[in-house]
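Sequences are here, hints too, so could you generate the full structure?
Anchor point for the sequence shown: position 247 equals 247 in this note's numbering, and the numbering is continuous, going up by one each time.
Rather than coming from a laboratory, the hints here were simulated on the basis of the structure. Do not take every clue at face value.
Derived Cβ-Cβ restraints for the label pairs, each shown as a range [to be verified]: (1) L278 with Q37: 35 to 43 Å; (2) A257 with R309: 53 to 61 Å; (3) Q54 with N83: 36 to 44 Å; (4) D48 with L19: 37 to 45 Å; (5) A47 with N174: 31 to 39 Å; (6) S280 with R309: 19 to 27 Å; (7) E62 with D149: 13 to 21 Å; (8) D339 with A360: 26 to 34 Å; (9) G33 with C310: 50 to 58 Å.
As the structure is a prediction and not an experimental result, all values here were calculated from the model. We put the beta carbon where it would ideally sit given N, CA and C, even for glycine.
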Amino acid sequence: MNASQAQRQGFKLDTLFLLAGFAALLLLALWAGVGFQLTEESRNIRADGQARSQAMVRTFAEHCNYILRQADHATHLFQALHNQSNGALTLHHFVHSELNSAHASRSSSALYVDTPVTDSTAQSWTIQMSRRLLWKDGSFAGVILVEIDPLYLVDQYDYSDLSTQGSLILRNINSEMSVQRVGHNITRSKMQVSITPMRIDGEHMTEEKIEVTQIFDKVPRRYNVRELPEFGIQALVGLPISDTTQRFKMYQQMYFAYASAVSLLIIVGTTFLTRQTLRSRRNMRAARDAEGILSSAAEGSLDAFYILRCVRDANNEISDFLITHVNQRGAHMLGIPADVLRGKLLCATLPRFRDDGYFARYVQVVNTGTPLE
Numbered sequence: 001m002n003a004s005q006a007q008r009q010g011f012k013l014d015t016l017f018l019l020a021g022f023a024a025l026l027l028l029a030l031w032a033g034v035g036f037q038l039t040e041e042s043r044n045i046r047a048d049g050q051a052r053s054q055a056m057v058r059t060f061a062e063h064c065n066y067i068l069r070q071a072d073h074a075t076h077l078f079q080a081l082h083n084q085s086n087g088a089l090t091l092h093h094f095v096h097s098e099l100n101s102a103h104a105s106r107s108s109s110a111l112y113v114d115t116p117v118t119d120s121t122a123q124s125w126t127i128q129m130s131r132r133l134l135w136k137d138g139s140f141a142g143v144i145l146v147e148i149d150p151l152y153l154v155d156q157y158d159y160s161d162l163s164t165q166g167s168l169i170l171r172n173i174n175s176e177m178s179v180q181r182v183g184h185n186i187t188r189s190k191m192q193v194s195i196t197p198m199r200i201d202g203e204h205m206t207e208e209k210i211e212v213t214q215i216f217d218k219v220p221r222r223y224n225v226r227e228l229p230e231f232g233i234q235a236l237v238g239l240p241i242s243d244t245t246q247r248f249k250m251y252q253q254m255y256f257a258y259a260s261a262v263s264l265l266i267i268v269g270t271t272f273l274t275r276q277t278l279r280s281r282r283n284m285r286a287a288r289d290a291e292g293i294l295s296s297a298a299e300g301s302l303d304a305f306y307i308l309r310c311v312r313d314a315n316n317e318i319s320d321f322l323i324t325h326v327n328q329r330g331a332h333m334l335g336i337p338a339d340v341l342r343g344k345l346l347c348a349t350l351p352r353f354r355d356d357g358y359f360a361r362y363v364q365v366v367n368t369g370t371p372l373e
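Quick look at the structure:
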C-alpha cells in the first residue's frame with residue numbers, strides 16, 4: 001500500500017468515525033437532556049405536592065379553628081348571661097371538679113383550654129374550653145365548660161379535596177393523643193410527630209421534613225402540619241407519596257417514549273448514512289479501478305488514444321473538447337507531453353484540429369452517435 005492509498009484509507013476511517021461519533025454525541029445529549037428534564041419534573045411535582053398539602057392543612061386548621069371559636073363564643077355568651085343574672089345559671093356538678101379548682105386559683109376570666117384523656121385504653125380525649133364565672137362582687141362563682149370531641153372536627157370536614165389514601169389528623173400536643181381519618185376509616189391512637197427543618201447550604205429553608213409514627217395503614221405519606229397553639233392541638237394533612245410517584249412515572253414514560261423514538265431515528269439515520277457512504281466508496285473504488293484498467297489498456301495500445309469531453313457555450317452548442325486522457329503514443333503524435341495535454345482544450349491548444357475539419361467531425365460523432373471511420 002503506497003502513501004496515497006494509506007491516506008485515502010485513513011480518510012475513510014476518519015469519516016466513519018466522525019459519523020458514528022456525531023451520532024453518539026447526539027444520543028448522549030438527548031438522554032442527558034431527558035435526565036435533566038426528569039429531575040426538574042420531579043422537583044416541580046414535589047413542590048406542587050408540597051404547596052397543595054400546605055394549602056389543605058391550612059384549610060383544615062381554619063375549619064377546626066372556626067368550630068372551636070364558635071364554642072368559645074358560646075362560653076362568652078354563657079359567661080355574660082351568668083354575670084347578668086347574678087348566678088341564676090349554675091352548674092352544681094362542676095363545683096368539686098379539678099377544672100373548678102383551676103379557675104378558682106386564677107384571677108383571669110380568659111378562655112382556659114384543656115385536653116384531658118378520658119380513656120387511656122381507647123386513646124380517647126376531648127377538647128375542653130372553659131371560662132371563669134363571677135358574682136357581682138367579683139368573687140369566683142364557678143366555670144362554664146364546653147367539651148368537644150375531636151372526632152367531630154375530623155369527621156365533619158369536607159374530604160373531597162383529598163385522595164382516597166389522604167390522611168387528616170388532629171393531635172393533642174401535650175398527650176400525643178390523636179384522631180386520624182383515612183377515607184371513611186377513623187382511628188384513635190397515640191402519635192409522635194417529628195418536625196425537622198430541611199435547609200440548602202445551611203441558610204435557606206426549603207421545607208420541613210415531618211415524620212409521623214403509629215399510622216395504622218402504613219401508607220407512606222408526605223405530611224404538613226399547622227398548629228393551633230391557643231387550643232393545644234396540631235392539624236396535619238398527609239398526601240400519599242404514591243400520588244406524586246404516579247404522576248412522575250407518567251412523565252417518565254412519556255419522556256422515555258419520545259427519547260426512544262428520537263434515538264431510533266438517529267440510529268436508523270446513522271445506519272442509512274453509513275451504508276450510503278460505504279456504497280459511494282465502493283462505486284468510487286470501482287470507477288477508479290475501471291479507470292486504471294482503461295488507462296493500462298490505453299497505454300499498452302499501439303494506437304493513439306484520446307478521451308475528450310464536450311465543452312458547450314451559452315447556446316448549448318459544442319464549442320470545444322476538453323482532453324481528459326491521452327496515452328503516450330497519442331501525445332507523441334501531437335508532439336506535446338501527455339501531462340501537459342490532460343485538462344487542456346483541444347482546439348485552443350491545437351488550432352489545426354478545427355482548421356482541418358476534425359473538430360466538425362468530432363461534433364458530428366457526438367450529435368449522431370455514428371463512429372468516425
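For this session: For D48 and L19, compare the CB-CB distance with the range 37 to 45 Å and indicate the outcome.
Result: Once the Cβ atoms are compared, 43 Å apart, the range 37 to 45 Å for L19 and D48 holds.
Exercise. Could one say that the CB atoms of A257 and R309 fall in the range 53 to 61 Å?
Worked result: holds (55 Å)
Exercise. Between Q54 and N83, does the C-beta distance stay in 36 to 44 Å?
Worked result: holds (42 Å)
Exercise. In this structure, is the beta-carbon distance linking S280 and R309 contained in 19 to 27 Å?
Worked result: holds (22 Å)
For this session: Just tell me: holds or violated, for the beta carbon distance of A47 and N174 against 31 to 39 Å?
Result: holds (33 Å)
Problem set entry | Outcome for the supplied range 13 to 21 Å, where the beta carbon pair is E62 and D149 | For D149 against E62, whose Cβ atoms are near 19 Å apart, the range 13 to 21 Å holds.
Exercise. Honestly, do D339 and A360 meet the 26 to 34 Å range at C-beta?
Worked result: Hint holds: Cβ distance 28 Å, inside 26 to 34 Å.
Exercise. For the pair L278 and Q37, does the Cβ-Cβ distance stay inside 35 to 43 Å?
Worked result: About 36 Å separates the Cβ atoms of L278 and Q37, which means 35 to 43 Å holds.
For this session: Using the Cβ atoms, figure out if G33 sits within 50 to 58 Å of C310.
Result: holds (54 Å)
Consistency with the previously given hints is maintained throughout, with no hint failing.
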